[in-house]
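Build the complex: two chains, separate frames, hints provided.
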Amino acid sequence: DARVTQTPRHKVTEMGQEVTMRCQPILGHNTVFWYRQTMMQGLELLAYFRNRAPLDDSGMPKDRFSAEMPDATLATLKIQPSEPRDSAVYFCASGLGTLYSNQPQHFGDGTRLSIL
Amino acid sequence: GENVEQHPSTLSVQEGDSAVIKCTYSDSASNYFPWYKQELGKGPQLIIDIRSNVGEKKDQRIAVTLNKTAKHFSLHITETQPEDSAVYFCAASGYNFNKFYFGSGTKLNVKP
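Just so you know, the sequences run in chain order P and U.
Going by our numbering, the residue at position 108 of the first sequence is 108; the numbering climbs one at a time, nothing skipped.
Going by our numbering, the residue at position 79 of the second sequence is 1079; the numbering climbs one at a time, nothing skipped.
Hints are computed from structural coordinates only; laboratory data are not their basis.
Only true hints are included.
Looking from chain P toward chain U, a few residues come up when the C-beta cut is under 8 angstroms (computed): (1) Tyr48; (2) Phe91; (3) Tyr100.
Straight-line alpha carbon distances no greater than 20 angstroms define the calculated DMTMM-like cross-link-like pairs of lysine to aspartate or glutamate that follow: (4) U:Lys1022 <-> U:Glu1056; (5) U:Lys1042 <-> P:Glu44; (6) U:Lys1037 <-> P:Glu44.
Just the calculated beta-carbon pair ranges, DEER-fashion: (7) U:Arg1061 <-> P:Glu44: 27 to 33 angstroms; (8) P:Asp63 <-> U:Asn1053: 42 to 48 angstroms; (9) U:Thr1069 <-> P:Thr5: 38 to 44 angstroms.
Don't be surprised by glycine CBs; every beta carbon is placed ideally from N, CA and C.
Okay, chain U solo, but in the shape it has when bound (with noise of 0.2 angstroms):
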């Protein structure tokens, strides 16, 4: 089946700087990887996807990146903000009904 693995765990920014969060699947047959973004007390929630057929997505501050030979994919935060401290993950998925996996998860605290 299908692994992903998230890097990293933990990472601290100050607030304006930017925020990278790593990806990779084993399965190349995987071709929809979305993004999360959990708040504390919250459920995840869908933040940004990418298909297989595009190579990199943006929406306002946020990016994601895929590089489907190397089979990774990355958020990219521009501007961070304190709001956007939270836990991220990421998550892939293929022919299979819509079941995800998910990788396990990124903790971003943005520091004022």
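Chain P with its partners taken away, still in its complex shape (with noise of 0.2 angstroms):
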């Protein structure tokens, strides 16, 4: 079955540090969401492409967050500097999505990000 690939699956580093997190969406998709989830309570949309252009990161915060897709293949959420309060875990989804239809977005298995 094809997935989502996320990478890394664990993070830990100090405050104040760079924190590049990455995602593969799966082959053929065109849609591509970024989540937050802290304590395996609700998901939070950050930011979210169709066909690699930006379609809606007001879920973020602008400050110190950024989102790209540098390619079909590739995504990339960067918090710079980031802060404890930026600990959670961060899930990458992809999906087939036009105007007019909706199909399921298919998660990867998340970043788990802790500043220390």
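Quick look at the structure:
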């Protein structure tokens, strides 16, 4: 089965350091989503892309977070500088989306981030 | 925008019993309603979905019902097993390039 791949799976770093999380969406999917989850709580949408173009990043703290898709096989989420409150699990999901048709989002297994 | 509410937040059942999780949504334009199961240390996995032109869908022990008039949909799990223990999320989506609005999750515990 095709899967969304996220790296690293775990990251521990000190406050103030730059953190980069990577996601390889399923081949052929045209929408990519970044979510944040704390303590097995709800899924908070940070940003999403369609055909590599950002559609909505209103859920993301702009001063320290940035999300990009350098190419169709790679999405990145960066935090600079990182803060302890950024500690969470970050999920990437991909799907096939059009304006008039919805398909399931497929999730990776997340990056567990701890900022000391 | 869309608002999805999910109840209960926790649910404990005895093995073999049924479990029901309910969600309501606010936007009548929503037309796709997936359900996800999240196990510890894993990402959410799709278990069943339903579109607005269907009232009910079943897949073995899992079923989803949709009431468009009342704007609510429910997940039904019959003959629960310990491996059904997980967090379950509902979501709603409309004509918006696959953007989902998730409920807050239900932690299901199935006691052996």
